[in-house]
Amino acid sequence: MTSGSRLHRSTLVAALLVTALVITGSSAPSPPREQGVAAPGQEYAPPWSWPLSPTPVVLRQFDRPEQPWLPGHRGVDLAVEETARVNSPAAGRVVFAGWVVDRPVVTVDHGGGVLSSFEPVTAVLDRGQAVQDGQQIGTLDTGAGSHGASSHCPSSCLHWGVRVDGEYVNPLNYVTDRRPSILLPLRGP
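Position 110 of the sequence shown, counting from 1, maps to 337 under the working numbering, and the rest follow consecutively.
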């Protein structure tokens, strides 16, 4: 074998190894939304539950800013009754329960770099406590920014934000069927 063919073979092997590493995943863990994919013919089951019951009306949608420092809406605002019970949408651990500026906030770490935050919510759990899917984490705090002059909501609302590896993502991806529609061909007679 000549040195030229060895070099060619070595280059080819190195390229294949790099391609295999890229394809098999040197990437971060994917968010739990993959768990909610339904097999054909089965009903879709979202990976998380809503933080409010019954399913709330979305007052304001997620609006990702083009740059992290630009204005946007880094979560969704959900219509809620005053003093409503706020639940964890998935299992995790409370990593923050306290005040941010002028309102109480609760943050749950769901693992894999996924955090969910709720405001204005007065915590019923302490920092460090484990929480199950659907377990109460707090109540809406009507005196601290849930509506009125200190809020961006015209009536009582819960602001729910989700971050994956520090980046804000749309919380509705975890509780609604966001899969693309598939148009099936029409069958003739």
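Do not take every clue at face value.
[Stated by the list, open to error] Quick list of the computed label-pair ranges, beta carbon to beta carbon:
#1 P295 x A318: 27 to 33 angstroms
#2 V351 x D329: 30 to 36 angstroms
#3 S382 x P412: 20 to 26 angstroms
#4 G338 x E309: 29 to 35 angstroms
#5 S280 x L411: 31 to 37 angstroms
#6 D353 x P295: 29 to 35 angstroms
#7 Q294 x R414: 22 to 28 angstroms
#8 R354 x I409: 22 to 28 angstroms
#9 L413 x P298: 43 to 49 angstroms
#10 Q294 x L413: 41 to 47 angstroms
#11 Q362 x L411: 20 to 26 angstroms
#12 L297 x R414: 27 to 33 angstroms
Quick caveat, the hints were computed from the structure, so don't treat them as lab data.
Quantities reported herein were computed from a predicted structural model and do not represent experimental measurements.
Just so you know, even glycine gets a beta-carbon here, dropped at the ideal spot from N, CA and C.
- Query: Going back to the hint list, which numbers does this structure go against?
  - Reply: 2, 3, 7, 8, 11 and 12
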